[in-house]
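J.: Make a model of the complete structure from these sequences and hints.
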Amino acid sequence: MKELSLHVLDIVENSLRAGATEVEIKIVEDSEEDLLSIEVKDNGSGMDEETVKKVIDPFFTTRTERKVGLGIPLLSQAAKAAGGGLTIESIPGHGTTVRAWFQKSHIDLQPLGDMAKTMSALVALHPEVDFVYTHVKDDREFSLNTKDMKARLQEIPVNHPLVIDWISKFIKENLDNLNGGAE
Amino acid sequence: MMAVIKSIEELEKIREQARELINLRKDNENKTRIVVGMGTCGISAGAREVLTAILDEIKKRNLTNVIVTETGCIGMCRFEPLVDVIKPDQPKVTYVNVDPEKARQIVAKHVVNNQVIDEWVIPNI
Ligand SMILES: Nc1ncnc2c1ncn2[C@@H]1O[C@H](COP(=O)(O)OP(=O)(O)OP(=O)(O)O)[C@@H](O)[C@H]1O
Ligand code: FES
Ligand SMILES: [Mg+2]
Chain L
5 MKELSLHVLD
15 IVENSLRAGA
25 TEVEIKIVED
35 SEEDLLSIEV
45 KDNGSGMDEE
55 TVKKVIDPFF
65 TTRTERKVGL
75 GIPLLSQAAK
85 AAGGGLTIES
95 IPGHGTTVRA
105 WFQKSHIDLQ
115 PLGDMAKTMS
125 ALVALHPEVD
135 FVYTHVKDDR
145 EFSLNTKDMK
155 ARLQEIPVNH
165 PLVIDWISKF
175 IKENLDNLNG
185 GAE
Chain X
-8 MMAVIKSIEE
2 LEKIREQARE
12 LINLRKDNEN
22 KTRIVVGMGT
32 CGISAGAREV
42 LTAILDEIKK
52 RNLTNVIVTE
62 TGCIGMCRFE
72 PLVDVIKPDQ
82 PKVTYVNVDP
92 EKARQIVAKH
102 VVNNQVIDEW
112 VIPNI
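Line by line, the protein sequences give chains L and X. So the first sequence is numbered by our numbering: it starts at 5 and just counts up by one. So the second sequence is numbered by our numbering: it starts at -8 and just counts up by one.
Watch out, some of these pointers could steer you wrong.
Taking lysine-lysine and the PhoX-like style, the derived pairs with C-alpha atoms no more than 25 Å apart in a straight line are [what the hints assert, rightly or not]:
#1 X:LYS93 / L:LYS151
#2 X:LYS(-3) / L:LYS154
#3 L:LYS176 / X:LYS50
#4 L:LYS45 / L:LYS57
#5 L:LYS6 / X:LYS93
Not close to chain X: a few residues of chain L, all C-beta gaps over 10 Å, as computed [what the hints assert, rightly or not]:
#6 VAL32
#7 SER35
#8 GLY50
#9 MET51
#10 THR55
#11 ILE60
#12 GLN81
#13 GLY87
#14 GLY89
#15 THR101
#16 TRP105
#17 HIS110
#18 THR138
It should be emphasised that the hints constitute simulated quantities derived from the structure, not laboratory data. Virtual Cβ for every residue (Gly too), placed ideally from N, Cα, C.
T.: Structure representation (structure tokens):
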């Protein structure tokens, strides 16, 4: 995986496969602490303690097509390579929070990549799910909340091509703004 | 001067535009389905960019009779990204090792003009 935003897409896909109807994605960039963190919190089926332990070990998956789960170990590896780590908190029947953190200045930190593409892909494929994406950079932040969007759109589906295009532009512009405007 | 940042209020305008397109939709049964493989292998191989290209073509061409969905791992990682096109009353066609440019052509030729692009369809294995 070449970008952190692709890991985000992949980790959220786990949440959706676990039947989540609400997924919160939070990315925090803290220059002072030299920290970047990614948190994905869902209300899906969750896992027991035993399962959580195994999931971080690359030889575990509940899928039957292939024996090895890749998604979480890949993110864990990327985090460790950049001076960070990964934790999973999960309660069966309630949901799961996956959190990865990285040393922001680390030479091996993967680029964040295109969060606009990741979010528009998720909404396009899962219009029934409520997504909240919050991005904090030092003292500034913005968020996208598809539940609020749905209330405004009324009869227009949130995965309508024009809406998907708008989501992509909304995130791009707001991220540029967080980063101090376009270059 | 600070630029005006996009805000959720703009959705009112999008809603007006979208409504005009939605009114043109007739029967919901007769839609073409496009399915993109979004397992970890698919995502690593470029499925997100393929999906983005497909969504962009759908928007540009004002296609209102297409549904885009996903599938997880189907145990064929060396063929990812995978894209299925399922036309109403026709068998599923699976394209392998799709990239964004191929994806755009799949929409133009197969989805719109009903011409299967045989060279990119899954080989017999
Ligand atoms: N959010 C979640 N809620 C419930 N179970 C989860 C969640 N995330 C992961 N799991 C469990 O952990 C397993 C391993 O996840 P991981 O992403 O590493 O691999 P995978 O999804 O099985 O396969 P791959 O990601 O390689 O396509 C999953 O099969 C699932 O059982
Ligand atoms: S797509 Fe790679 S093994 Fe499933
Ligand atoms: Mg996974």
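J.: Are the hints correct? Go through all of them and say.
T.: To see whether the hints hold, each was checked on the structure:
As the CA atoms of LYS93 (chain X) and LYS151 (chain L) are separated by approximately 34 Å, the hinted pair breaks the 25 Å bound. Between the alpha carbons of LYS(-3) (chain X) and LYS154 (chain L) the distance comes to roughly 17 Å, so the proposed pair stays at or under 25 Å and holds. Straight-line distance between C-alpha atoms of LYS176 (chain L) and LYS50 (chain X) comes to about 18 Å, which keeps the hinted pair within the 25 Å bound. Of the supplied pair hints, the one linking LYS45 (chain L) and LYS57 (chain L) holds, its CA atoms being roughly 18 Å apart against a limit of 25 Å.
About 21 Å separates the Cα atoms of LYS6 (chain L) and LYS93 (chain X), which keeps this hinted pair within 25 Å; it holds. The beta carbon of VAL32 (chain L) sits about 20 Å from the closest Cβ of chain X, which is more than 10 Å, so the claim that it is off the interface holds. Here SER35 (chain L) stays apart from chain X, with its beta-carbon at least about 21 Å from theirs, past the 10 Å limit. Taking the minimum C-beta to C-beta distance to chain X, about 19 Å, the non-interface status of GLY50 (chain L) holds against the 10 Å cut.
Every CB of chain X lies more than 10 Å from the CB of MET51 (chain L), the least distance being 17 Å, so the non-interface label holds. Listed as a non-interface residue, THR55 (chain L) keeps its Cβ farther than 10 Å from every Cβ of chain X; the least gap is roughly 18 Å. Listed as a non-interface residue, ILE60 (chain L) keeps its Cβ farther than 10 Å from every Cβ of chain X; the least gap is roughly 15 Å. Distance check on GLN81 (chain L): its Cβ is at least 13 Å (rounded) from any Cβ of chain X, clearing the 10 Å threshold; non-interface status holds.
Distance check for GLY87 (chain L) against chain X: the nearest CB is about 23 Å away, which clears 10 Å, and the non-interface claim stands. Here GLY89 (chain L) stays apart from chain X, with its beta-carbon at least about 20 Å from theirs, past the 10 Å limit. For THR101 (chain L), the non-interface assignment is confirmed: its Cβ lies about 20 Å from the closest Cβ of chain X, beyond the 10 Å cut-off. TRP105 (chain L), annotated as away from the interface, keeps every beta carbon of chain X farther than 10 Å; the closest lies near 21 Å.
Remark: the non-interface label on HIS110 (chain L) is consistent with the geometry, its nearest Cβ contact in chain X lying 21 Å away (cut-off 10 Å). Against the 10 Å criterion, THR138 (chain L) stays outside the reach of chain X, whose nearest CB is about 14 Å from its own CB.
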